[in-house]
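Engineer: Residue-level listing of the chains:
2 protein chains.
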Amino acid sequence: MATKPVLYSYFRSSASWRVRIALSLKKIDYDYKPVHLVKDGGFQNTEEYREINPMRQVPSLVIDGHTLTQSIPIIEYLDETVADGPDLLPKDPVLRAKARALAETINSGIQPIQNLSVLNKIGETKVEWAKYWIERGFDNLEKMLEKTAGKYSVGDVVTIADLCLVPQIYNAERFKVPTSNYPNIARIGENLEKLPEFQAAHPSQQPDCPEELR
Amino acid sequence: MATKPVLYSYFRSSASWRVRIALSLKKIDYDYKPVHLVKDGGFQNTEEYREINPMRQVPSLVIDGHTLTQSIPIIEYLDETVADGPDLLPKDPVLRAKARALAETINSGIQPIQNLSVLNKIGETKVEWAKYWIERGFDNLEKMLEKTAGKYSVGDVVTIADLCLVPQIYNAERFKVPTSNYPNIARIGENLEKLPEFQAAHPSQQPDCPEELR
Numbered sequence: 026m027a028t029k030p031v032l033y034s035y036f037r038s039s040a041s042w043r044v045r046i047a048l049s050l051k052k053i054d055y056d057y058k059p060v061h062l063v064k065d066g067g068f069q070n071t072e073e074y075r076e077i078n079p080m081r082q083v084p085s086l087v088i089d090g091h092t093l094t095q096s097i098p099i100i101e102y103l104d105e106t107v108a109d110g111p112d113l114l115p116k117d118p119v120l121r122a123k124a125r126a127l128a129e130t131i132n133s134g135i136q137p138i139q140n141l142s143v144l145n146k147i148g149e150t151k152v153e154w155a156k157y158w159i160e161r162g163f164d165n166l167e168k169m170l171e172k173t174a175g176k177y178s179v180g181d182v183v184t185i186a187d188l189c190l191v192p193q194i195y196n197a198e199r200f201k202v203p204t205s206n207y208p209n210i211a212r213i214g215e216n217l218e219k220l221p222e223f224q225a226a227h228p229s230q231q232p233d234c235p236e237e238l239r
Numbered sequence: 026m027a028t029k030p031v032l033y034s035y036f037r038s039s040a041s042w043r044v045r046i047a048l049s050l051k052k053i054d055y056d057y058k059p060v061h062l063v064k065d066g067g068f069q070n071t072e073e074y075r076e077i078n079p080m081r082q083v084p085s086l087v088i089d090g091h092t093l094t095q096s097i098p099i100i101e102y103l104d105e106t107v108a109d110g111p112d113l114l115p116k117d118p119v120l121r122a123k124a125r126a127l128a129e130t131i132n133s134g135i136q137p138i139q140n141l142s143v144l145n146k147i148g149e150t151k152v153e154w155a156k157y158w159i160e161r162g163f164d165n166l167e168k169m170l171e172k173t174a175g176k177y178s179v180g181d182v183v184t185i186a187d188l189c190l191v192p193q194i195y196n197a198e199r200f201k202v203p204t205s206n207y208p209n210i211a212r213i214g215e216n217l218e219k220l221p222e223f224q225a226a227h228p229s230q231q232p233d234c235p236e237e238l239r
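Just so you know, the protein sequences line up as chains A and B, in that order. The first sequence begins at 26 in our numbering and counts up by one. The second sequence begins at 26 in our numbering and counts up by one.
Mixed in with the good hints, there may be bad ones.
Identical chains share a label here; the pair holds if one copy fits it or two copies do between them.
What the hints assert, rightly or not - For lysine-lysine, the following DSS-like pairs were computed, each having C-alpha atoms within a straight-line distance of at most 25 Å:
1) 146 to 201
2) 172 to 219
3) 146 to 156
4) 29 to 172
5) 116 to 51
6) 58 to 168
7) 146 to 52
8) 168 to 146
9) 51 to 146
10) 172 to 58
11) 29 to 64
12) 29 to 51
13) 219 to 151
Don't read these hints as lab results, they were simulated from the structure.
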């Protein structure tokens, strides 16, 4: 790798967090560029950042001379191109499909309906709104995990599904969803929390995390 | 393939439609099982269907002895396991990442916020809600396509991004979003409409399409 990759990230963004875990598992050293999603109307909405990411979202990863966006495609790219570290997806096509389906259940089924821009649009009732969709999503996800989980979401190895699960559990807790109602989700979350690569990617460990949340 | 694949689908579901295009491009013969999302509270909400798809969504594809869910993972699976037909993702890792990012911009960035269950929850203002998110999403998508598009979304070959684009244009039209405001989206949509595999996958061609919409 000629130059060090650059990650445009926000400490509490779920999608940035997923990519931070992937970079950490793949042992990739990178520069962290904070994108504040709230202050001054959000740096993601500036023309400067929009040149980097037309979707006005984090993360963006500058790597191998290209700027990549969207967390799942970035994770797939790292899995395809970086030999170091563990695989982020299983080799078996059916298990890959299961891991991806769990990841998408979170990435497209839960997170987008409770993300910052949707909650701003919902306004006053945003806490109930977020809680409703996370509970509904976790109810479904728990049922999927009954069929696939071992120590982690798909058997006993970490996959892309786990990279999505941990930030979603954090969001659930922010919106007072009792994760103890979902025994598989809670157990897998606890197992993942123990891994140093997941600890390093936690919002509290990022340079843009405010002192009071550390 | 020992037994014929079975697709659980709803004629107007975007995610089902994407998979129908993939099956059509990959020349896979399959049985079509309609899942009515509206009638009698929705067949997807029955315990019978939930055994097939715990997320209570379409599509589900029964193939090679497994039941797969979530459109993007199903398309990735078909691309990895079926030699017939064209590739659904480019071979080059950077182009794969670009195609996937466009697909996710629709799959996780637009469609979930305007899907049936969210609109039902929004209630009275659902048409304005859907229009707002599709316009915002198309504005972003158009900006991404300026950098990637040729005849189709990524250069001149059909990719997973195009499989997502066509159903999203149909939704935009349903919610009165003027697609002519987005020259790349409109042009690519017109090019894709001409392909027989896309024509075969259109809602109007499905067995569960009501007579009046044919």
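Engineer: Take the hints in turn and mark each one as holding or not.
Structural biologist: Hint check results:
no., hint, verdict
1, 146 to 201, "both (20 Å within a copy, 20 Å between copies)"
2, 172 to 219, "within (23 Å within a copy, 41 Å between copies)"
3, 146 to 156, "both (16 Å within a copy, 13 Å between copies)"
4, 29 to 172, "between (40 Å within a copy, 24 Å between copies)"
5, 116 to 51, "both (16 Å within a copy, 22 Å between copies)"
6, 58 to 168, "between (38 Å within a copy, 23 Å between copies)"
7, 146 to 52, "neither (38 Å within a copy, 43 Å between copies)"
8, 168 to 146, "between (30 Å within a copy, 23 Å between copies)"
9, 51 to 146, "neither (37 Å within a copy, 40 Å between copies)"
10, 172 to 58, "between (39 Å within a copy, 23 Å between copies)"
11, 29 to 64, "neither (28 Å within a copy, 55 Å between copies)"
12, 29 to 51, "within (14 Å within a copy, 39 Å between copies)"
13, 219 to 151, "neither (32 Å within a copy, 43 Å between copies)"
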